[in-house]
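Undergrad: Take a look at the letters that make up each chain.
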Amino acid sequence: MRHGKISIGPKLYIALCFVFFYLPIAVTMFFSFNSSKSLTHFTGFSAQWYEKLIHDQNILAAVYVSISIAIFATIASTVLGTITAIGLSKSRRLLKEALLNINNVPIMNPDIVTAISLMILFTSAGLQRGYVTMLLAHIAFCTPFVITSVYPKVRSMDQNLADVAMDLGATPFQALTKVVVPLLRPGIFAGMLLAFTMSLDDFVVSYFVTGNGVANISILVYNMTKRINPTINALSTLLILAVVIVMVGMYIWPSVREKLRKKTRAGGRTLRRGRRGRKAFAAAGFCCMIAIAVIFASQFSAISGKQTLRVFNSGEYIDMDLVSQFEEEYNCEVVYETYDSNESMYTKLQSGSTYDILVPSDYMIERLISEEYLHQIEWNYIKNKDAIIPKLVEDNLYDPGSRYSVPYYWGNVGILYNKNIVDKKDLEAGWEVLRNTKYKGQVYMYDSERDSFMVALKALGYSMNTKDKGELQEAYEWLINQSETMDPVYVGDDVMDNMISGNKAMAVVYSGDAAYVINENEDMDYYVPEEGTNQWYDAMVITKYCRNTELAHQFINYFLNEDVAIQNTEYIGYDSAVKSVYEYFRDVEYKGNTGCAPASDNPRNEVFHQQEQKVKVYMSNLWTKVKSHQ
Amino acid sequence: MKDKPIIELRDISKTFGDQQVLRGIDLDIYENEFLTLLGPSGCGKTTILRIIGGFEEPDSGKVLFNGINIAKLPPYKREVNTVFQKYALFPFLNVYDNVAFGLRLKGMTDEIIDKKVSQMLSMVGLSGYENRDVSRLSGGQQQRVAIARALINEPKVLLLDEPLGALDAKLRKDMQIELKKIQKEVGITFVFVTHDQEEALSMSDTIVVLNDGVIQQIGTPIDIYNEPEKRFVAEFIGESNIISGNMIQDCLVRFDDIDWECVDKGFRPNEEIEVVLRPEDMDVVPLDKAKLHGKIVSKVFMGVHYEYFVETKYRDYKVHTTENYQVGSEIGLTIDPYDIQVMHLS
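If you're matching them up, the sequences are chains A and B in order.
Read left to right, the first sequence gives residues 1 to 630 (the working numbering).
Read left to right, the second sequence gives residues 1001 to 1346 (the working numbering).
For the record, the hints were derived by calculation from the structure and aren't laboratory data.
Heads up, some of the hints might be wrong.
[Claimed, not checked] Per the computed footprint, the stretches of chain A lying under chain B, defined by three or more beta-carbons under 8 Å from a beta-carbon of chain B, are:
(1) 353-362
(2) 428-438
[Stated by the list, open to error] Pairs of lysine-lysine, DSSO-like flavour, derived with a Cα cap of 30 Å:
(3) B:Lys1170 x B:Lys1180
(4) A:Lys178 x B:Lys1077
(5) A:Lys178 x B:Lys1072
(6) B:Lys1180 x A:Lys90
(7) B:Lys1230 x A:Lys90
(8) A:Lys178 x B:Lys1299
(9) B:Lys1115 x A:Lys259
(10) B:Lys1289 x B:Lys1318
(11) B:Lys1170 x A:Lys178
(12) A:Lys96 x B:Lys1086
(13) A:Lys178 x B:Lys1106
(14) A:Lys591 x A:Lys579
(15) A:Lys616 x A:Lys627
(16) B:Lys1062 x A:Lys90
(17) A:Lys96 x B:Lys1004
(18) B:Lys1086 x A:Lys178
(19) A:Lys591 x A:Lys425
(20) B:Lys1184 x B:Lys1116
(21) B:Lys1230 x B:Lys1004
(22) B:Lys1173 x B:Lys1299
(23) B:Lys1116 x A:Lys259
(24) B:Lys1184 x A:Lys90
(25) A:Lys178 x B:Lys1156
(26) B:Lys1072 x A:Lys90
Quick caveat: nothing in here was measured; it's all calculated off a predicted structure.
Backbone N, C-alpha and C fix where the C-beta goes; we use that ideal spot for every residue, glycine too.
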């Protein structure tokens, strides 16, 4: 029949839409049961990530923060927004229009603007950043959405009804709660849902306004991306499940309620019980909220009792179990926060956040020293000083004499390649192998400005810290040429998963990442070109705002203990600064893994130095052109 | 019955923006009376109601309730209740909960509420509708719910703002009778607002005719109809022939060059006046007994009677009679003295 023929198209279209919407979610859920760490390579069924999730204090704390903030922000913004919408409808027309337009500004504003504005506001108001500032920020950006969804309902409401209520003896407040609010319920409900999802979803604003170790799910996941693992999938799966349950509940609830109502209609007496029941329910809900608030408050008062240490580290760059151990041993509280790059750490410092300990990279340490941001290391407190690989302290290029920093982890940049595809002889060309057209379409480049220019500069035989515009121009041309002849793909941390899956033959990676990939995929090997590379160091530093330098030194020293460093290295996967640990991994645990301990004494290796502003801008412009050339 | 006013309005004025809607309203409303505020739309009748209800505050003047000024008292503290235009039922509550709304606010026990609600619903003829959604009721039923909801609070005065406006003609008639019955049953004062003169005439004890924010006349329906004191009242209520003339002396008026006996007194000799003649009071009589002669120029059948326009020497008269005449025929007209209503020029 005609009818049947016609309907195939639309059906297919709808089916495709659904595939498009739900396939990513399905994949996420599927990989939450993966037995290995890979997010793209399914190796077998396992529930281990759920187990890890339940035991991961960080994730549980983040879930708690996300959900409690979402609940409180929803309640507050719904009340505020509804009252404002009602008030607006009673204002004079000009004022009303002006206010409605003003209300739209935060909605249209890019999140980042809202985020930075709030951050500046909180900083200048002297508010300590953390849970409260995050909650305030969420209330601030949720309220306009509530106003927008409630206001049309207020306008279409029969204004007489509030009069009727007052006529029947209701005070204005009773008229509001017993008549106006029920009338606006659909709008209020929509606003609530919107506020809740906005709050739960939010990353940008939360990221900027939080502090003191308070992180919600999105901040946590963002900082975890370096070493992303299926725990996140497990968490996502549980969240999706929760959402589905709520949705189904909301869908079924009206009919359930209808049935209940029919039952209570049997007589006046049951009707009464129904009303009392509702009151009891409301009371119970209120008690729950108070309980949550009390639990929350007690959590925070616990923190204030002990001496605290505020640590700001790169995401997934410490084994949190060791931090807990340290807390126990030294009877203190570590307020732990993470960032995703040296640059974002620096931004956070500039915005007025203060910490005791930072873990920046070489060039950033150089910068912090030059800006007199750091407190000198009192080496007599570092009992484990002699355990450190001596040259890391003695030949320190970014902090001559190691006066301000204690080495943490180190490594270099090289080429991860597939032994079965890449000919060893071709590798002798060094960085130039990345322009060998034999491997066209087989190359991942690392999406980082300085590392990409490092590759080109080293290939050309120049210093990676060059200030010479001619040399930079040549490096730029090298990269452009590579772009044209090789079709390289610039990737971020997803390079690891892609290489574990063997998607391409070569990739520019950090040594520690290479070690991790080689562990997962035996076909891979790591090679550091003879022309030299970026030799990088991350080190712990103490800021001049440190409140408890003794504890800070104890913390730094703690992570140089051999057993601690072994456990930490197992977690992180880079090369430890502790000599015995470095050697243990090189010779025993990771034996034969070329990604581990690749550090050489090649004099052509360099450390990144802080760039002059002029050079930085120049390189930055060239880099934009390279990226847009693809 | 008219011994003691329950509500007294004293020199009430009200302005919205630059529009003056009420100008110096003085009005007494008595216990147990069915008082109607009648006038065209925009005359200020609803504003008076809202001032009594407490939803508007007068710019000046007093609202006395049992002798106490309540002009600034909020609505929820007044012993009056209102039936609003278009019923204004709470859409999220069923019939029972709509009616019980006021009692719940007073914190009455469920037993008392149950009893009162079922009493009230049976009075308005809605027993058995307790659990009905109000949106699934007919207009008439919604109206009854609105009345029950207001009356259950046992107000001293019930205010009704064009409550029948949304009903069709037949239902309207039934509800008029019903309302009157309810008012007798509960024995309280009803203040009723309408622009429908028929409704006002059939239900009211007292009619207050309003125009342009000013009271034109207060009186019983019979007074208002038979003895309009102003041209506006005569024109607005019922149909009329309004003719200019002179008062020759007491009980003698001249118009159309003819002297007519009447019952009105107290005018200055030869004072210029206007005469109101209701079309049904124009008697068609044989030509020899007639004071006016004329020719029928148009004829419309109105159901109970015919409406004719009769051309006379000076003007066309509107005449209502049940007798059937042909257009073009010559007829004679006369008017009884008590059917002639003489008004001062306004």
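Undergrad: With reference to the structure, classify each hint as holding or not holding.
TA: Verification of the supplied hints:
Here the region 353-362 of chain A counts 0 residues with a CB under 8 Å from a CB of chain B, which misses the bar of 3, and the coverage is violated. With a cut-off of 8 Å between beta carbons, the region 428-438 of chain A has 0 residues touching chain B; three or more are needed, and the interface restraint is violated. Among the hinted pairs, Lys1170 of chain B with Lys1180 of chain B is consistent with the structure: their alpha-carbon atoms are about 16 Å apart, no more than 30 Å. Distance hint between Lys178 of chain A and Lys1077 of chain B is fulfilled; the C-alpha atoms sit about 18 Å from each other, no more than 30 Å.
Between Lys178 of chain A and Lys1072 of chain B the CA atoms are separated by roughly 24 Å; this keeps the pair inside 30 Å, and the hint holds. Between Lys1180 of chain B and Lys90 of chain A, the direct Cα distance comes to roughly 38 Å. Violation of the 30 Å bound is thereby established for this hinted pair. Distance check on the hinted pair: Lys1230 of chain B and Lys90 of chain A sit about 41 Å apart at the alpha-carbon level, beyond 30 Å; violated. Our distance criterion of 30 Å between C-alpha atoms is broken by Lys178 of chain A and Lys1299 of chain B, whose separation comes to about 59 Å.
Taken as a hint, the Lys1115 of chain B and Lys259 of chain A pair is honoured in the structure, with Cα atoms around 25 Å apart against an allowance of 30 Å. For the hint linking Lys1289 of chain B to Lys1318 of chain B, the alpha-carbon distance of about 19 Å falls within 30 Å, and the restraint holds. About 36 Å separates the Cα atoms of Lys1170 of chain B and Lys178 of chain A, which puts this hinted pair outside 30 Å; it is violated. Proposed proximity of Lys96 of chain A and Lys1086 of chain B is supported: the alpha carbons are some 28 Å apart, at most 30 Å.
For the suggested pair Lys178 of chain A and Lys1106 of chain B, the alpha carbons sit about 13 Å apart, so the restraint of at most 30 Å is met. The suggested pairing of Lys591 of chain A with Lys579 of chain A holds, with an alpha-carbon distance near 16 Å, which does not exceed 30 Å. For the suggested pair Lys616 of chain A and Lys627 of chain A, the alpha carbons sit about 16 Å apart, so the restraint of at most 30 Å is met. For the given pair, Lys1062 of chain B sits about 27 Å from Lys90 of chain A by alpha-carbon distance, which is consistent with the 30 Å threshold.
Restraint check for Lys96 of chain A and Lys1004 of chain B: the C-alpha separation of about 47 Å exceeds 30 Å, so the hint is violated. Note on Lys1086 of chain B and Lys178 of chain A: the hinted pairing holds, with a Cα-Cα distance of about 20 Å set against a maximum of 30 Å. Proximity of Lys591 of chain A to Lys425 of chain A is assessed by CA-CA distance (about 24 Å); at most 30 Å being required, the pair is judged to hold. A C-alpha spacing of about 19 Å is found between Lys1184 of chain B and Lys1116 of chain B, which places the hinted pair at or below 30 Å, so the restraint holds.
For a cut-off of 30 Å, the pair hint linking Lys1230 of chain B to Lys1004 of chain B stands: about 28 Å separates their Cα positions. Taking the CA atoms of Lys1173 of chain B and Lys1299 of chain B, the gap is about 28 Å. The hint holds against a cut of 30 Å. Taken as a hint, the Lys1116 of chain B and Lys259 of chain A pair is honoured in the structure, with Cα atoms around 27 Å apart against an allowance of 30 Å. A hinted pair counts as satisfied when its Cα atoms are at most 30 Å apart, and Lys1184 of chain B with Lys90 of chain A does not qualify at roughly 40 Å.
Between the alpha carbons of Lys178 of chain A and Lys1156 of chain B the distance comes to roughly 25 Å, so the proposed pair stays at or under 30 Å and holds. Distance restraint check for Lys1072 of chain B and Lys90 of chain A: the Cα-Cα separation of roughly 20 Å lies within the 30 Å cut-off, and the hinted pair is therefore satisfied.
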